[in-house]
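**Q** Sequence:
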Amino acid sequence: MSDFPEPPFPDQPQDMPGTTAAMEPRPDHGEDSYKGSGRLPGKKALITGGDSGIGRAVAIAFAREGADVAISYLCEDEDARDTARLVEEAGRKAILLPGDIADAPHCRDIVARTAEEFGRIDILVNNAAHQDTFNGIEEISDEEWDYTFRTNIHAMFYITKAAVPHMSEGGSIINTTSIQADDPSEQLLAYATTKGAIHNFTAGLAQMLAEKGIRVNCVAPGPIWTPLIPATMPSEKVQQFGKQVPMQRPGQPKECAPAFVMLASDEASYISGATIAVTGGKPFL
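Going by our numbering, the letters in the sequence shown line up with residues 1 to 285, in that order.
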């Protein structure tokens, strides 16, 4: 038996982008379990989508490993303040950066503010994403398609381009792709397409930045229990979420964080252009 929650889950519709407090069961970000071991001492990190879900778990882990953390998020102020509190309780500095990364000037602004506050950027985690579900291509508006791409892949380009001048040899960029890049769901056409683009962006960028000594990798989660799920998926999907993978349950955000820590650390000095799948047993090819 797993110690982690398994489906079926209660019906729990939310409005986008969703909040942690309204979820049942409450996601586990490692608040009470993650123990740091000094793997990121003095590092300066910028995490998009750092308010909740995978981003929050990574922020907690980074802070407990010794990093200061800038938290970029859309509008979920309560979640973001709670994440900042957890970072500060670990003895590290937290910066809150609200706003929409679908806007290119905002992308450049959050990088500039992070570099100003921290003096440099050692780790960039491009994690924020938008998704919605549709049963047919005719249901996907031009505006929805455009916004998904601007949030999920265009922002990754703008933020990374702005961040690289503030990074030095030994820096690490980690992009959140998805098992959807390899095994797309028909109801997530726009989202899955952007995740395939992120996978390719990571592979190409790793080669481009190798001469600067900056590593670029990605993490490909499977079904992870975050506010995005009840806020964007039909009720029947939410209730059985995670049942489709061999472990027959969704992953908790804290189960993704160790992959990000490893890729961010100096121990991963020869790892670049790689994808780490966190998928509950579902192969990522």
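A few of these clues could be false.
[Stated by the list, open to error] Computed cross-link-like contacts, DSS-like style, restricted to lysine-lysine with a CA-CA straight-line distance of at most 27 Å:
hint, residue 1, residue 2
1, 243, 212
2, 243, 282
3, 212, 282
4, 212, 161
5, 35, 93
[What the hints assert, rightly or not] The calculated label-pair distances, taken between Cβ atoms and stated as ranges, are:
hint, residue 1, residue 2, range
6, 183, 26, 49 to 59 Å
7, 146, 235, 22 to 32 Å
8, 270, 11, 40 to 50 Å
9, 15, 157, 39 to 49 Å
10, 77, 42, 22 to 32 Å
Hints listed in this document are in silico derivations from the structure and should not be mistaken for laboratory results. The beta-carbon is built from N, C-alpha and C at its ideal position, and this holds for glycine as well.
**Q** Just pull the numbers of the violated hints for me, sorted ascending.
**A** 1, 3, 6 and 9
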